[in-house]
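Here the protein sequences line up with chains Z and B, keeping their order. For the first sequence, UniProt numbering begins at 1 and goes up steadily by one. For the second sequence, UniProt numbering begins at 1 and goes up steadily by one.
Some hints here could point you the wrong way.
To be verified - Per label pair, the in silico range of CB-to-CB distance:
{"no.": "1", "chain 1": "Z", "residue 1": "P260", "chain 2": "B", "residue 2": "L230", "range": "43 to 53 Å"}
{"no.": "2", "chain 1": "Z", "residue 1": "Q213", "chain 2": "B", "residue 2": "R51", "range": "48 to 58 Å"}
{"no.": "3", "chain 1": "B", "residue 1": "L138", "chain 2": "Z", "residue 2": "S215", "range": "29 to 39 Å"}
What the hints assert, rightly or not - Sample of chain Z residues with no beta-carbon within 10 Å of chain B, all distances over it, derived:
{"no.": "4", "residue": "D70"}
{"no.": "5", "residue": "L74"}
{"no.": "6", "residue": "V78"}
{"no.": "7", "residue": "Q97"}
{"no.": "8", "residue": "Q104"}
{"no.": "9", "residue": "F108"}
{"no.": "10", "residue": "K113"}
{"no.": "11", "residue": "R129"}
{"no.": "12", "residue": "E146"}
{"no.": "13", "residue": "P187"}
{"no.": "14", "residue": "S307"}
{"no.": "15", "residue": "F320"}
{"no.": "16", "residue": "L322"}
{"no.": "17", "residue": "A335"}
The set of hints was computed from the structure by calculation and includes no laboratory data. Even for Gly, the Cβ is constructed at its ideal location relative to N, Cα and C.
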Amino acid sequence: MERHQNRETRTPRNNVVVHRRRKSKSYRLSYRSGLGAADSRLGWSPALTARRLNTSRKAAGISNIAERVDPGQLALLVKTEWQLSYVTPLHQFRHTQLKSYARQLSAFIAAGKQQGLAVEVEGLQTTFRVSFSLVQGMTQSDEDAESVLVQIHSKRLFARQDEPQKPVWSGWLTCINGNPDYLRALPKDFVCLPLFGCSGADGLSALVKSWFQQSFDCCFGLLEISHTSLQWLMALWTNCHAESGIQHLKMIWTLPAAPPLQVTYTVDPEDAWELWSSVRKGKGGGGGGEEEEEAGENYIDIEEVTSFMQGLKSHFYRHFRLDLSAGSLNQVSTALGSAKYSGRMKVPSTRELCQMLSVFALLIFVNVLFFFFSDLQQPIHDHHPDAADRVRPPQNAHLIERIQTLMPPENTIAAFIWQKLLQLVLVFIRNEAKHYLSLIFNIK
Amino acid sequence: MDDSAKRLLQRLMRRIPTPTLRSALEKWGRLTTEQQKSMDFTQSKWALTERLLGICEVNSAIFSEIQINVNQGMWYAFQLMDPEDDAKSVDLTQFKEQFKSHLRELVRNVSIKMKKHTDEAVWIRIAWGDTFSRPNHLKPTYIVHYLQTPYVFVTSITSKQKPLLSQALVLSTRYQAIKDANLSGRKLTAIRDLLMKKYQQVFPTKYPIPPPENNQTISNQHIEKEQAELAANRLQMACEAFGGGMLPQLQSAVYKLETKFRDHSNKTMTEREEPFRCVVKFTSTNLLESFRHCASSGIASTPVTPLLSCIPLKGRNYFLITDNGPGPSSQRGQPQV
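Full structure from sequences and hints, please.
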């Protein structure tokens, strides 16, 4: 549609400009349709080396995760809304010392309450209990660390003596679908559990996070799910409609009017599926022979995702002459799960849980990689000279020291490949990158 | 004063939010000035309730009238259709008698209170009961009808009660039918103003309205000059579509779209026979204000699409949009409401 040229609208803030740069290189997020593994691949055009990074990836399927994990523990993770954060690797975290950690955290919270640090925490009396448990099996490859579940149990105020304690706060740390090269590059003392989810009172979340920061010298940050990621999720879910009905595709946009205008755009699932299929078929033979007919492999291209979104937006525009790009996408939800811009996600059942988690873990891996490229500041700076400065003091003193001794000198092929990878990734997630770039500038 | 009335008053007092308590009691108007003064509003609600109970023992007033001032539910608009010859000459007393008698014929044990306000509105409060139970005063239905107009506004009614009410209304107002006006909102005044066009309307004039003052520093004289005329045009068209000045406070609008998908870049979908079904809901604290701002700032393209300007034009906020029947369809499909 030519409307971008002959209309006086505000410059859209969150317009996906990725497709402009992507002529020869394409970032593909692949996954097997239905129950297959969410294999993450980064491939680029034959002009450069066609090296796939994850060549040694195990073929463990996502569905296997659902079978390997204790169903009782899985049940705790579904049907709750989790606030997601990313975590930098934990220094000297031992999976064998979970009981001791539970005691330490318990003492920390009690001390915090005494000092009045926590905001009024409802229902948390002095008789509370912290438990750390291992969620075995929630991994995809051998290098993924085992997930850990943290719960704080307490009784309601004025509860009877024999009433059992119920969890008033839950949190978990997990690593699914970790990049094996990155994981192998980590120094020995560090454990990587980059995705943290919590649900419960904010005061308790803050206390738990600060305990982790103190004990393991790590850094927490809110994982804002950018609108690009939300679009990915939308496309992924719609793609699953054939196997498990999505029941509806709902998007919530906020337009910057005065007062702010919220638009809830719900699409019938069959029609969303047809639109999605038409966008995929229209691409024709994309990457040479890798079509849906091949042994279960299924690639989704970013261009397909943006075309899908564009179709929905143009249908909306045709009726209301309101450009949704002028606003921001806040929430996407289907029967398979919901995700909000503020970093909240919810999944209704276990199969989708693992898929969602692996998508988020992938996002984090791509982001967290930046922490280690302090040697490549100059090329980064050349790409993004206008990166905004967000002040957050990095706390990974140990980690940075160790990493710097590991980095190869700049004139080796390995460094060159890392550099190329970085450029690719930078181009893809430009919005999220700015935040992390400032962290790199501060390191030194 | 019996126990149930006491309990009723206590529950009512609990429901009224404390800041509005004083004005609610004043509006109720059943307390004399001395009694009003003697109520110490710095006391707790419980103490106030006790005091009020004491006063009401003395007054033995109708407590339930207090509820009229607490309208927290959704109001729905209805329109009476096909007036008979003598519909215009129905006066207040006739309407009151007819309505009460018709409703009492349909429902046993119903309590009806009717009151006329100064602005030609008749307020009706119905507490529903049935053959076996007394009228339930805690869940009454409120109806507001403007005599000489075909509009009726209703709140808190169940689907079982609706046909009974419709029947009584139609018979007593001398119309033949009543239909849903597809308009709903939280504020009665807002939907009333919208439906009966009691807000400032703007008509196309030759002279554009000057854009409102803004305190931004002028960055570049040339840019400002160029943009000023365009901004003025946008503002004029926005005001024509939605109105000028204060706009009725509507909270939401729902569009059920069943039109065909048409996009030149997507051949497969364009050739599809079935409509693309979706539901779009707009919400805001003041919806019309948001739309007007979108139009004047350029987020919405001007001239404003008839789908949006339909809201104030027709006084509706629920729409079902389908394509035209078979025949040549234009680029935009000319959706038919």
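Hints, verified against the model:
1. As the Cβ distance of P260 of chain Z to L230 of chain B is approximately 24 Å, the hint placing it in 43 to 53 Å is violated.
2. Judged by the Cβ atoms, the range 48 to 58 Å given for Q213 of chain Z and R51 of chain B holds: they are separated by roughly 55 Å.
3. For the hinted restraint 29 to 39 Å between L138 of chain B and S215 of chain Z, the CB-CB distance of approximately 55 Å leaves it violated.
4. With a least CB separation of 40 Å from chain B, D70 of chain Z remains clear of the 10 Å interface cut-off, as annotated.
5. Every CB of chain B is more than 10 Å from the CB of L74 of chain Z (nearest about 33 Å), matching its label as outside the interface.
6. Non-interface call for V78 of chain Z relative to chain B: holds, since the shortest CB-CB distance, roughly 27 Å, exceeds 10 Å.
7. For Q97 of chain Z, the non-interface assignment is confirmed: its Cβ lies about 50 Å from the closest Cβ of chain B, beyond the 10 Å cut-off.
8. Every Cβ of chain B is farther than 10 Å from the Cβ of Q104 of chain Z; the closest lies at roughly 45 Å, confirming the non-interface assignment.
9. At roughly 40 Å from the closest C-beta of chain B, the C-beta of F108 of chain Z stays outside 10 Å, upholding its exclusion from the interface.
10. The claim that K113 of chain Z lies off the interface holds: its Cβ sits roughly 30 Å from the closest Cβ of chain B, which is beyond the 10 Å cut-off.
11. Against chain B, the non-interface label of R129 of chain Z holds: every CB pair exceeds 10 Å, the least being about 38 Å.
12. With a cut of 10 Å on Cβ distances, E146 of chain Z stays outside the contact zone with chain B, its closest approach being about 43 Å.
13. Every C-beta of chain B lies more than 10 Å from that of P187 of chain Z, the closest at about 50 Å, which supports listing it as non-interface.
14. Not every C-beta of chain B lies more than 10 Å from that of S307 of chain Z, the closest at about 8 Å, which undercuts listing it as non-interface.
15. For F320 of chain Z, the requirement that its beta carbon stay farther than 10 Å from each beta carbon of chain B is not met, with the minimum near 6 Å.
16. Not every CB of chain B lies more than 10 Å from the CB of L322 of chain Z, the least distance being 5 Å, so the non-interface label is violated.
17. With a least beta-carbon separation of about 16 Å from chain B, A335 of chain Z lies farther than 10 Å from that chain, consistent with its non-interface assignment.
Taken one by one, the earlier hints fail for this structure at numbers 1, 3, 14, 15 and 16, listed in ascending order.
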